[in-house]
Amino acid sequence: MLIELQDLGKSFGEHEVLKHVTASVERGDRIGIIGANGTGKTTLLRVLCGESLPDAGDAAFAAGATCGYLEQTGHLDPEKDVYETMRLAFQPALDAMAELEALQKQLAADLHNTAITDKITACNAVIDAMDAYNMDTQIKKVLNGMGFPADTWKKKAGVLSGGEQTRLRLAKLLLQHPDVLILDEPTNHLDFATMEWLENFLKGYSGAVLVVSHDRYFLDAVCNRIWEVENQGLTTYKGNFSAYLPIKEMAMAQQQKQHDADVAKAQKLEDYVARNLVRASTTKMAQSRRKQLEKMEITEAPKAGVRELKFRFEFDIAPYNELVTVKNLCIKIGTRTLLEPFSMQVLRGQRLVIAGPNGAGKSTLLQVLDGRRRPSGGMVRLGAGARTSIFEQQQARRAGRVIDAIWDKYPKFTELEVRSHLARFNFRGEDVFKECSQLSGGEMARLRFAEILLERPNLMFLDEPTNHLDIYTRESLTQALMAYEGTLLLVTHDRYLMNSLACPILYLEDGKATMYESYEQLMAKDKEVPAPAEKPQTAAPRPAYGKEQRRRRAELRARLKAVEDEIEQLGAHIVELENEINDPEVLKDHVLLQEKCDDLDDTRFHQNELYEEWEKLMEEQEQDEEA
1 MLIELQDLGK
11 SFGEHEVLKH
21 VTASVERGDR
31 IGIIGANGTG
41 KTTLLRVLCG
51 ESLPDAGDAA
61 FAAGATCGYL
71 EQTGHLDPEK
81 DVYETMRLAF
91 QPALDAMAEL
101 EALQKQLAAD
111 LHNTAITDKI
121 TACNAVIDAM
131 DAYNMDTQIK
141 KVLNGMGFPA
151 DTWKKKAGVL
161 SGGEQTRLRL
171 AKLLLQHPDV
181 LILDEPTNHL
191 DFATMEWLEN
201 FLKGYSGAVL
211 VVSHDRYFLD
221 AVCNRIWEVE
231 NQGLTTYKGN
241 FSAYLPIKEM
251 AMAQQQKQHD
261 ADVAKAQKLE
271 DYVARNLVRA
281 STTKMAQSRR
291 KQLEKMEITE
301 APKAGVRELK
311 FRFEFDIAPY
321 NELVTVKNLC
331 IKIGTRTLLE
341 PFSMQVLRGQ
351 RLVIAGPNGA
361 GKSTLLQVLD
371 GRRRPSGGMV
381 RLGAGARTSI
391 FEQQQARRAG
401 RVIDAIWDKY
411 PKFTELEVRS
421 HLARFNFRGE
431 DVFKECSQLS
441 GGEMARLRFA
451 EILLERPNLM
461 FLDEPTNHLD
471 IYTRESLTQA
481 LMAYEGTLLL
491 VTHDRYLMNS
501 LACPILYLED
511 GKATMYESYE
521 QLMAKDKEVP
531 APAEKPQTAA
541 PRPAYGKEQR
551 RRRAELRARL
561 KAVEDEIEQL
571 GAHIVELENE
581 INDPEVLKDH
591 VLLQEKCDDL
601 DDTRFHQNEL
611 YEEWEKLMEE
621 QEQDEEA
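Reading the sequence shown from the start, the letters are residues 1 to 627 in the numbering used here.
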């Protein structure tokens with residue numbers, strides 16, 4: 001046994017987080033820790049890895065057992081490159097190697113010094129335990145598995161993205177081979193290939209693995225036990241997440257059944273006492289029943305309702321059928337081409353998932369589609385009547401309270417209406433008065449979805465919407481998105497969500513966009529043998545063209561550039577007007593509000609005219625080039 005918890009308790013002030021927790025960890029265990037946000041999962045991890053002491057009970061560790069902990073948020077030395085950071089995992093062995101070199105020189109001068117030979121033996125033990133002579137091989141193997149090709153090994157940790165830093169911290173931890181590996185949300189920001197590598201690595205790990213995760217596919221692939229943290233306690237289940245679900249449902253049904261039976265029995269006893277206590281002939285029996293009632297313990301009803309968020313995204317305006325039109329879209333960052341020119345069309349009511357490896361440009365593409373970023377080439381057009389809402393991967397910190405986030409936008413709502421709406425997203429009681437700056441990532445996401453529900457969009461752009469959400473909220477969001485009848489474009493690594501939506505997937509890799517009709521087709525892409533490329537045919541020489549044709553082509557290019565520039569300017573003006581219209585001061589001034597709305601309508605009308613002209617010019621240019 002590596003770890004044993006006995007009647008463990010942990011509090012923060014008067015707030016009791018964990019109580020009467022009893023559990024054990026054996027070598028070979030693959031334990032998935034689940035629970036709603038705020039139930040104490042991270043607190044439990046800190047106790048398990050020794051970073052926090054329990055207030056009650058005991059956490060006993062096997063002698064010599066080592067523990068490695070990957071926090072959700074951690075830090076790396078920004079000045080060390082990727083390879084140097086990985087070498088830090090071998091620091092005890094590197095120190096032993098340096099000491100060994102000095103000791104061997106000392107031994108050469110004093111061959112019979114047993115103290116020196118004992119020290120050499122100890123150094124060799126440290127080196128052998130870490131297999132340090134194969135250090136470079138180990139480092140390269142893990143770096144490649146975690147998605148760090150050789151050309152990234154000299155990159156400073158300080159210039160890595162958040163996702164890359166998470167992967168590097170995890171890679172470094174894996175090299176240390178602790179007896180107990182504790183991971184807090186390790187799959188956040190990982191792409192498919194890296195997740196698959198990690199799953200295989202953890203399944204073959206020699207020690208024990210404890211992982212907090214809200215990724216049900218990951219839990220199914222890796223875990224053989226589930227720890228559920230709820231109501232300040234911990235319940236253990238055998239098997240993976242899919243095995244846990246029916247067992248949990250059965251246990252809750254049995255608990256509800258026992259609760260109903262206890263309540264019914266208590267009611268019968270109360271009725272008997274009430275009817276017979278005043279009768280002389282039955283007083284003793286009634287008093288006996290009353291004592292029985294007083295001693296009776298009624299089984300508590302299961303508390304499942306707090307997990308389930310019941311909401312549905314709806315809209316009022318049905319937009320034009322060709323809702324998102326993309327033509328020859330190209331995206332570049334500096335000299336790097338993120339996306340080569342491609343075209344597509346998303347119709348009203350359709351869903352599209354954007355997927356791909358880390359750094360492929362998924363979020364950038366979504367920002368181009370929703371209008372927050374200008375494309376390097378080509379055009380994106382939203383159909384008439386499009387009413388959009390945007391969910392960003394990183395929610396910006398905001399001032400004010402949770403209740404104000406809704407009330408400021410919808411001042412006509414009563415306090416009861418605002419609080420009732422927020423309660424649908426598990427903001428209850430005093431939670432509605434929390435400062436937004438103090439919210440967790442999951443709470444910020446829930447607040448944004450509460451706003452989107454009121455915006456009633458017919459077109460949603462979502463960037464990693466399930467990040468930071470607990471497993472129960474993920475399920476609620478998945479159900480809401482599946483029921484959504486509007487148009488949906490989203491970036492996600494969440495395989496369960498991707499599969500549940502049952503829609504085409506646009507996969508970005510190496511600057512190319514490939515459309516897959518389903519999740520199954522995407523997962524099978526690397527298993528398919530690619531068809532041999534057709535031998536390119538030699539193009540027929542183009543006929544020469546004269547001065548008039550050259551002049552016309554130059555005019556087309558100039559007009560196209562002018563139209564694209566004007567469309568971009570109008571787009572910026574539209575965003576400005578929309579922000580002004582949503583300003584509380586403008587909303588109070590009905591005359592000014594009407595002027596802004598009229599200006600917005602005129603601007604959109606003019607922009608649509610320019611879009612039509614742009615399409616005609618593009619068609620003319622394509623025909624001219626083909627001639």
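The reader is advised that the hints may include incorrect statements.
Unchecked claim - Label pairs and their computed distance ranges (CB to CB):
| hint | residue 1 | residue 2 | range |
| --- | --- | --- | --- |
| 1 | A62 | P149 | 32 to 40 Å |
| 2 | T299 | S420 | 45 to 53 Å |
| 3 | S52 | E199 | 51 to 59 Å |
Claimed, not checked - Below are the DMTMM-like pairs computed for lysine to aspartate or glutamate, each with C-alpha atoms no more than 25 Å apart in a straight line:
| hint | residue 1 | residue 2 |
| --- | --- | --- |
| 4 | K248 | D191 |
| 5 | K155 | E71 |
| 6 | K409 | D583 |
| 7 | K512 | E300 |
| 8 | K616 | D583 |
| 9 | K140 | D191 |
| 10 | K141 | D184 |
| 11 | K616 | E595 |
| 12 | K409 | E509 |
| 13 | K156 | E84 |
| 14 | K19 | E196 |
| 15 | K268 | E308 |
| 16 | K140 | D220 |
| 17 | K525 | D510 |
| 18 | K203 | D151 |
| 19 | K332 | D184 |
| 20 | K140 | E79 |
| 21 | K434 | E270 |
| 22 | K203 | E4 |
| 23 | K140 | E196 |
| 24 | K203 | E294 |
| 25 | K156 | E79 |
| 26 | K616 | E564 |
| 27 | K155 | E509 |
| 28 | K434 | E415 |
| 29 | K434 | D583 |
| 30 | K265 | D220 |
What the hints contain is simulated information worked out from the structure, not anything from laboratory work. Positions of the beta carbon are idealized from the N, C-alpha and C atoms, including for glycine.
Hints, verified against the model:
1. A62 to P149: 32 to 40 Å: At 38 Å between Cβs, range holds.
2. T299 to S420: 45 to 53 Å: violated, 31 Å
3. S52 to E199: 51 to 59 Å: Taking Cβ atoms as reference, S52 and E199 lie about 29 Å apart, which means the hint is violated.
4. K248 to D191: Not OK: K248 and D191 at ~30 Å, beyond 25 Å, violated.
5. K155 to E71: holds, 23 Å
6. K409 to D583: holds, 8 Å
7. K512 to E300: Roughly 56 Å separates the two Cα atoms, so the pair is violated.
8. K616 to D583: violated, 37 Å
9. K140 to D191: holds, 19 Å
10. K141 to D184: holds, 23 Å
11. K616 to E595: violated, 32 Å
12. K409 to E509: Judged against 25 Å, a Cα distance of about 40 Å means the pair is violated.
13. K156 to E84: holds, 9 Å
14. K19 to E196: With Cα atoms ~36 Å apart, K19 and E196 exceed 25 Å; violated.
15. K268 to E308: violated, 33 Å
16. K140 to D220: Distance of about 28 Å is beyond 25 Å: violated.
17. K525 to D510: Distance of about 15 Å is within 25 Å: holds.
18. K203 to D151: At roughly 29 Å apart (the allowed maximum being 25 Å), D151 and K203 break the hint.
19. K332 to D184: Distance ~35 Å between K332 and D184 Cα, so the pair is violated.
20. K140 to E79: Satisfied, since the Cα-Cα distance of roughly 20 Å is no more than 25 Å.
21. K434 to E270: violated, 44 Å
22. K203 to E4: Roughly 22 Å between the alpha carbons, so the hint for K203 and E4 holds.
23. K140 to E196: holds, 18 Å
24. K203 to E294: It is violated: about 52 Å lies between the C-alpha atoms, which goes past 25 Å.
25. K156 to E79: holds, 6 Å
26. K616 to E564: With a Cα-Cα distance of about 13 Å, the restraint between K616 and E564 holds, given a limit of 25 Å.
27. K155 to E509: holds, 21 Å
28. K434 to E415: holds, 15 Å
29. K434 to D583: Distance ~23 Å between K434 and D583 Cα, so the pair holds.
30. K265 to D220: Answer violated: K265 to D220 is near 41 Å, above 25 Å.
In the structure shown, a violation is registered for the earlier hints numbered 2, 3, 4, 7, 8, 11, 12, 14, 15, 16, 18, 19, 21, 24, 30, in ascending order.
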